[in-house]
Amino acid sequence: GAGVSQTPSNKVTEKGKYVELRCDPISGHTALYWYRQSLGQGPEFLIYFQGTGAADDSGLPNDRFFAVRPEGSVSTLKIQRTERGDSAVYLCASSLRPTGELFFGEGSRLTVL
Amino acid sequence: AQSVTQLGSHVSVSEGALVLLRCNYSSSVPPYLFWYVQYPNQGLQLLLKYTTGATLVKGINGFEAEFKKSETSFHLTKPSAHMSDAAEYFCAVSGVGNEKLTFGTGTRLTIIP
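Quick mapping for you: the protein sequence lines, in order, are chains A and B.
5 is the number of the first residue of the first sequence in the numbering used here; add one for each residue after it.
-4 is the number of the first residue of the second sequence in the numbering used here; add one for each residue after it.
A portion of the hints provided could be inaccurate.
Cut-off 25 Å, straight-line C-alpha distance, at most; resulting in silico cross-link-like pairs (SDA-like, lysine to any residue) [to be verified]:
(1) B:K63 with B:V91
(2) B:K64 with A:E105
(3) B:K95 with A:H33
Please keep in mind that the hints were generated in silico from the structure rather than gathered at the bench.
Using the sequences and the hints given, assemble the complete structure.
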């Protein structure tokens, strides 16, 4: 595809459930980022991948959050035992190289009831 | 550590009037500074960025920003507002060699016909 693709665009789940959010970056982009945007706030950094490895996961709020990028392309953000405070828009971005221009997807809106 | 403060969560200007969106940053290292725009139902899009060199940076859609180290500011301006400029604007900062962006809380720009 031409841009960063995120699925699902909307996810409603119940407290305590497990959720996976998928990001398909622009082809050839080696760097991939996850951000979280809560209502009325700017995006907040979660994790950054360079290739297959997580180069910086300092933004993950706790051990319920985990992300993988096994083949250096598609990434999945995994949230265990969801809590109402996890409700937010989860943004994925990719870039051709580190510190290059970030191209953002439209986000996955997660609502935890 | 880096942070940005955007003054004014909502700004309204008349069509044809000057647009001024304010951003002040805090950084312990030389900063990279960015402005992103988010149109309704779209992903974040880079407007412009400052890394090194010329302090006046020109971006897309007629926007520009000036890096003022003495004032720790990076305000976004456009001489004449257009209806299509209505969107949410985010200022962001990263340190040199630091791939993760720290975003401000955003400014929603409304254009009055």
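Hints, verified against the model:
{"no.": "1", "hint": "B:K63 with B:V91", "verdict": "holds, 17 Å"}
{"no.": "2", "hint": "B:K64 with A:E105", "verdict": "holds, 23 Å"}
{"no.": "3", "hint": "B:K95 with A:H33", "verdict": "holds, 16 Å"}
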